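The primary structure of each chain is shown beneath.
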Amino acid sequence: MALRNSGKYIAFTTASGLLMLSFALHAAFSGSITVSTTNRSLVKELHLTDLCLFTEARYTRHPSLADRHAPFQEHPTAFEHFPSGSLLLPQQKTTGSLNAKY
Amino acid sequence: MQSINRHYNILDFAIASLLRRKGKNLALLTIYTLIVALIASLIFFVQALKREAAALLQDAPDIVVQRLMAGRQDLIGLENIDRIAAIRGVSEVTPRRWGYYYDPVFGANYTVMADAKLAPQAGMATVGLGVAKNQRIGPGDIFTLTAADNSLILLNLEKALPFESELLAADMILLNPADFGKLFAFPANAATDLAVTVANPREMVTIANKIVETVPGSRPIMKSEIIRTYDAIFDWRGGMMLLVLAAALLSFVIFAWDKATGLSAEERRETGILKSIGWETGDILLLKFWEGTAISLTAFLTGVIMAYIHVFFFSAPLFAAALKGWAVLYPAFHLKPFIDPYQLSTLFFLTVLPYTAATILPSWLAASADADSAMRS
Chain U
18 MALRNSGKYI AFTTASGLLM LSFALHAAFS GSITVSTTNR SLVKELHLTD LCLFTEARYT
78 RHPSLADRHA PFQEHPTAFE HFPSGSLLLP QQKTTGSLNA KY
Chain X
18 MQSINRHYNI LDFAIASLLR RKGKNLALLT IYTLIVALIA SLIFFVQALK REAAALLQDA
78 PDIVVQRLMA GRQDLIGLEN IDRIAAIRGV SEVTPRRWGY YYDPVFGANY TVMADAKLAP
138 QAGMATVGLG VAKNQRIGPG DIFTLTAADN SLILLNLEKA LPFESELLAA DMILLNPADF
198 GKLFAFPANA ATDLAVTVAN PREMVTIANK IVETVPGSRP IMKSEIIRTY DAIFDWRGGM
258 MLLVLAAALL SFVIFAWDKA TGLSAEERRE TGILKSIGWE TGDILLLKFW EGTAISLTAF
318 LTGVIMAYIH VFFFSAPLFA AALKGWAVLY PAFHLKPFID PYQLSTLFFL TVLPYTAATI
378 LPSWLAASAD ADSAMRS
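From first to last, the protein sequence lines are chains U and X.
The first sequence lines up with residues 18 to 119 when you count with the working numbering.
The second sequence lines up with residues 18 to 394 when you count with the working numbering.
It is worth saying that the hints were derived from the structure and are not from the lab.
Just to be clear, a hint being listed does not mean it is correct.
Unchecked claim - Below are the DMTMM-like pairs computed for lysine to aspartate or glutamate, each with C-alpha atoms no more than 20 Å apart in a straight line: (1) U:LYS61 to X:ASP76; (2) X:LYS134 to U:GLU62; (3) U:LYS61 to X:GLU109; (4) X:LYS176 to U:GLU62; (5) U:LYS25 to X:ASP29; (6) X:LYS227 to X:GLU109; (7) U:LYS61 to X:GLU181.
None of these values were measured; they are calculated from a predicted model.
Please construct the entire structure, taking both the sequences and the accompanying hints into account.
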């Protein structure tokens, strides 16, 4: 007996749902992130502060150390000219008065 | 059982109805799936990257002290080490000497750092895998950097850092302090910044405030701020998230508008015929519900599966281009799979429900009309 349209749809949806569930299990059983000894010692020894995600400009390579208005330091009215600069949010300062002036 | 059979029959009819307009619905399903895949990829990528950053930077310095000169970061004098070390609660102060080097041949920016452990002798260097690949060099090879006085510094590559460290150090060149000083004509009595270790993390804010008092013109950056920076970078208000979300939102508005502005003449006639052969308004609404669900649920499931494969099996090549910008170096890294059920359910409610609702609403208006007028319109 040929499978009805509804049967085909339900079979496809169930298969997709099961695949998604298997991905969820895959993610769950991947466990928590374990930082390798190499990385841990690199961060500790070199006192690293940032990820090497955007290497095109100083303030995107080390966003945590950059000034709030770093893109505009080239010139007071300079436009942002690095693509990753438009992907980054201005740094969020949370220590209140401590860094307010920067 | 009868109720289930009714659903089966209506679902059969709904799929047959969708297949009658195969071209239009296939195009719709493809675009819908791609939009879901794009948003889900972004959610997976951002969450996984945030977790990775938090884990990798847990051993970052407690406080980094910079010196500001005319509002810009300047070198900090080594005499400040003793002043900061004298603050109660500070257990260690380490000067960090580092800077940026632009390689005009390969057009890449490198982060150069002085480290006597990984480059114990002058003339030795350890580099990140990104630099090694970019310069096409391996352990034992010699490469050169141009010093501040335009002379060439010959360096012997001691080793390249392993692949797992790419996310931290792909662009790094670690030099012996003597070579570092020569490369940048770096003053011997200064450092780029100071890394401060604090005995009790709860005293961090107090110590940071004392550093500002003790070293005028200094700017302390605490570990919590460093880690929070990576939370904020990929915040939903950030450029990347906002761009993708805005594009997706606009697409949904177009979908919804297309659906809500009414049915095509053919669909309206179909509704009229169904009513005239005895279908009730409830049956027609159920039919439209199944039509909407068939499209949106398929798009959601397929989109999420595609996103998971894109991000966690192929390391998100689509985003790599966006993150890379004009940079030559980009780290190769594998993200640890992570699914946030809350964000996935939000995506479900934002994509599946509005579409299904937008499908039912105009049908309800058409189905409530008289069969004769629906067929004639």
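Those earlier numbered hints the structure runs against, lowest number first | Hints that this structure does not satisfy do not exist here, as all of them hold.
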